[in-house]
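K.L.:
Sequence:
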Amino acid sequence: MTGEIALVTGGGSGIGKAAALTYAELGATVVIADLSASGAQATADGIRAAGKVAVPREVDITDFDAVRHLAADIEESVGPVSILANVAGWSTNQPFMENPPELWHRLVAINYLGTVQVCHAFLGPMIERRRGRVVNVGSDAGRVGSLGDSVYAGAKGAVLAFTKSLAREMARFDITVNCVCPGPTDTPLYYSGQPERMQERLASANLFRRLGTAQEVADAIVYLASSRASFITGQVLSASGGLTMV
Numbered sequence: 001m002t003g004e005i006a007l008v009t010g011g012g013s014g015i016g017k018a019a020a021l022t023y024a025e026l027g028a029t030v031v032i033a034d035l036s037a038s039g040a041q042a043t044a045d046g047i048r049a050a051g052k053v054a055v056p057r058e059v060d061i062t063d064f065d066a067v068r069h070l071a072a073d074i075e076e077s078v079g080p081v082s083i084l085a086n087v088a089g090w091s092t093n094q095p096f097m098e099n100p101p102e103l104w105h106r107l108v109a110i111n112y113l114g115t116v117q118v119c120h121a122f123l124g125p126m127i128e129r130r131r132g133r134v135v136n137v138g139s140d141a142g143r144v145g146s147l148g149d150s151v152y153a154g155a156k157g158a159v160l161a162f163t164k165s166l167a168r169e170m171a172r173f174d175i176t177v178n179c180v181c182p183g184p185t186d187t188p189l190y191y192s193g194q195p196e197r198m199q200e201r202l203a204s205a206n207l208f209r210r211l212g213t214a215q216e217v218a219d220a221i222v223y224l225a226s227s228r229a230s231f232i233t234g235q236v237l238s239a240s241g242g243l244t245m246v
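Position one of the sequence shown corresponds to residue 1 (the numbering used here), numbered consecutively onward.
In case anyone wonders, no lab produced these hints; they're calculated from the structure.
Keep in mind that the hints are not guaranteed to be accurate.
To be verified - Derived DEER-like restraints, expressed as beta-carbon distance ranges:
1) E25 - F96: 36 to 42 Å
2) E200 - R129: 43 to 49 Å
3) S36 - P101: 23 to 29 Å
4) R129 - M97: 47 to 53 Å
5) D174 - T2: 16 to 22 Å
6) R129 - L103: 23 to 29 Å
7) P95 - R228: 38 to 44 Å
8) F64 - L26: 28 to 34 Å
9) P95 - G124: 39 to 45 Å
10) E76 - F96: 20 to 26 Å
11) H105 - S192: 17 to 23 Å
Note that beta-carbon positions come from the ideal geometry of N, C-alpha and C, so glycine has one too.
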């Protein structure tokens with residue numbers, strides 16, 4: 001991936017961090033965009049320590065103006081983004097009838113509209129150059145549902161539909177758009193968003209009876225942005241140990 005510029009949202013921790021490190025390992029310049037400035041900086045420091053190029057940026061993907069500003073900033077100061085990995089996400093486990101409306105709005109803003117806004121901000125230059133790779137991160141919750149995650153699952157299901165529709169629009173510009181769906185994965189979000197009893201149940205729900213690792217999911221994200229996936233678009237790939245088979 002030498003010569004590519006990859007932007008990874010949510011690159012300050014978990015799956016996003018693993019994806020950013022892997023893109024850098026393969027030679028890409030990596031922009032780490034995260035709500036946590038310290039998280040983005042820590043990932044960038046790890047990449048630079050390995051002799052690679054990284055640019056940390058703090059951004060709230062639910063803020064449309066901030067995302068547009070980020071796109072203009074990176075285009076001017078780093079160069080044209082050719083790989084876009086929308087990894088940022090958030091959830092909390094709670095019965096639907098106990099959800100306040102504010103929680104619905106936050107879940108949809110982060111997990112669906114954030115991805116839409118980042119795509120909208122960065123696709124224009126890709127279209128002009130007629131090349132690009134977009135990898136959105138959904139969730140197996142968006143494919144089969146998840147107890148206590150109804151609105152989150154709905155938002156991630158929207159990401160799946162958005163990915164497929166966007167792939168149809170972008171193909172004529174030689175831009176691929178795909179989606180990776182993790183299942184239960186060993187990340188900070190997993191432990192902060194689930195009650196302990198639910199953590200134990202989910203960890204043994206897939207065929208391997210263990211949590212996936214951030215790196216195992218990141219490998220799928222990186223593959224779909226590689227030249228070896230140039231004829232793959234509009235696809236949803238579960239990296240979840242056989243939790244779903246669709």
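K.L.:
So does E25 sit 36 to 42 Å from F96, Cβ to Cβ?
P.N.:
Because 41 Å falls inside the window, the suggested range holds.
K.L.:
For the hint 23 to 29 Å, verify it against the beta carbon of S36 and that of P101.
P.N.:
Given range 23 to 29 Å: holds, Cβ gap about 26 Å.
K.L.:
Is the distance from the Cβ of P95 to the Cβ of G124 consistent with 39 to 45 Å?
P.N.:
41 Å, holds
K.L.:
Can the suggested window of 43 to 49 Å be confirmed for the beta-carbon pair E200 and R129?
P.N.:
Since E200 and R129 have Cβ atoms about 48 Å apart, the given range 43 to 49 Å holds.
K.L.:
For the range 16 to 22 Å, tell me whether the beta carbons of D174 and T2 fit it or not.
P.N.:
19 Å, holds
K.L.:
Range hint 28 to 34 Å: satisfied by the CB atoms of F64 and L26?
P.N.:
The hint (28 to 34 Å, Cβ to Cβ) holds, given that F64 and L26 are roughly 31 Å apart.
K.L.:
Is the distance from the Cβ of E76 to the Cβ of F96 consistent with 20 to 26 Å?
P.N.:
At 44 Å between Cβs, range violated.
K.L.:
How does the Cβ-Cβ distance of P95 and R228 compare with 38 to 44 Å: does it lie in that range?
P.N.:
Holds: the Cβ-Cβ distance is about 43 Å, inside 38 to 44 Å.
K.L.:
Starting from the hint 23 to 29 Å, judge whether the C-beta atoms of R129 and L103 obey it.
P.N.:
39 Å, violated
K.L.:
Should the hint that H105 and S192 are 17 to 23 Å apart at their CB atoms be regarded as holding?
P.N.:
20 Å, holds
K.L.:
Quick one: are R129 and M97 within 47 to 53 Å, going by C-beta?
P.N.:
About 48 Å separates the Cβ atoms of R129 and M97, which means 47 to 53 Å holds.
This entry does not satisfy hints 6, 10, going by the numbered hints stated previously.
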